[in-house]
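If you read the protein sequences in the order shown, they are chains W and B.
Take the first sequence: its letter number 113 is residue 113 in the working numbering, and every next letter is one higher.
When you read off a place in the second sequence, starting at 1, and then add 115, the result is the number in the working numbering.
Quick caveat, the hints were computed from the structure, so don't treat them as lab data.
Predicted model, so just to flag it, every value in this text is computed and none were measured.
You may find that some hints are simply not true.
Said to hold, decoys possible - For lysine-lysine, the following DSS-like pairs were computed, each having C-alpha atoms within a straight-line distance of at most 30 Å: (1) 104/W / 419/B; (2) 128/B / 34/W; (3) 222/B / 182/B; (4) 399/B / 51/W.
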Amino acid sequence: MTVTITQNATCTFCGCVCDDIELHDDGVKIIKTKAACSLGASWFVNHTAEKLYPDALIDGKEASVDDAVEAAAEYLHRANMPLVYGLSNVTCEAQREAVSLAEKIGAVIDSHTSL
Amino acid sequence: MGGKVSCTLGEVKNRADFILYWGGNPAECHPRHFTKYTIMQKGKFLPEGRKGRTMVLVDIRETMSVKAADIFLQVRPGKDFEVVTALRALVKGNRVDTALVEETGLKLEQLQDLVDRMKRCKFGVIFFGMGLSMTRGKHMNSAAVLTLAAEMNAFTKFVAMPMRGHGNVAGADMVLRWTTGYPFGVNLCRGFPRFNPGEFSTVDLLVRGDIDAAFVLGADPGATMPQPGIDTLARVPTIVLDPKVTHTSKLARVHITTSVTGISSPGTAYRMDEVPLPLRPVLKSPYPSDEEVVRRIIAAVDKKSAWLPKPATMASGVM
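Extracted from the complex, chain W is given alone in its bound form:
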């Protein structure tokens, strides 16, 4: 087992976004963290590169990502007032794409800020 050490990793668990975390990983799991708080450490350790969930689900049944993307596009295209919501645990780059999608389908776009 080779362990890779990454310096100055960024934790996105809470709004502090600490960027001084040291991570030790074996390629599949993060086995050790340094400088992270208890919340950050469990965030890193509990997310692995294992395939624990199906690629996609349509009506609760396993499906391919292609079919799920197509179904999502169909539902969103058909809607008169769709809602795009969340955006909190994704990157700014993904948020930007979400705004673009919201504009295309004529949606309301909102984040946790409004709660």
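Fit chain B to the known structure of chain W by using the hints.
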């Protein structure tokens, strides 16, 4: 509402000799806030570190954060707005009714002492949490605290900053601001952005059942929304992008598993002081990133007809 007078956490570390936390519990919710950015650090202009700083905590109950505070002010639940208003009056030297202050659970002397300390400090900061912004008064409470901080600048340097919860919720504000001009609750239904919290905010839309489809990413409203809102998510077609099969995924028509932000997918996240930071993913995920999936959905939508009504339909009044 007059905008936000704020600063970076680096300035707080190097300059702030008066730190007020309002309606938040950083000891348990932002564990490194004290040690990395605020009270415990030695700063450029605070060589004494903790000794050189005063920390005040305002909350409705004693939390773990009380231990770190020099002064703890316990406010009666739902009376935050009244306390801020009394403070604003005292800051300006106006007379404040003792009986009205006592309704908030505090004494006039306590508030006067707080105001004196605020005026005496060199650099003051108010961090406000969801205990202020999500309780009675909601965004009006946040506005009152921001105004208090702005008004304090007649006497000394003073700033305010919200304690953001989720990782990149500050980034969502930033991205929506530069793309649409508004920070959240933006309605693009008419092809141009409209902003109206209370009307276009998610909880209100869901509880009223105004929407006819939902696209959820980086959130689990199925676990956090009030029941009528969850019922709406189950009734309309809901699409979820998440690294896990969440409560929302279980009531959704479509779920797509995505890689975990910052652990497997690269990009940028904003810290609560609106400083953008690059992410350093370490694990290679078997799933695509949120960014990639959204882009693919956009491409699939692009193949369909435009959503705007055709001019002929509008002219005939069918709309």
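Hints and how they fare:
1. 104/W / 419/B: holds, 11 Å
2. 128/B / 34/W: holds, 22 Å
3. 222/B / 182/B: holds, 22 Å
4. 399/B / 51/W: Measuring from Cα to Cα gives roughly 11 Å; hence the hint holds.
Checked against the numbered hints given earlier, this structure breaks none of them.
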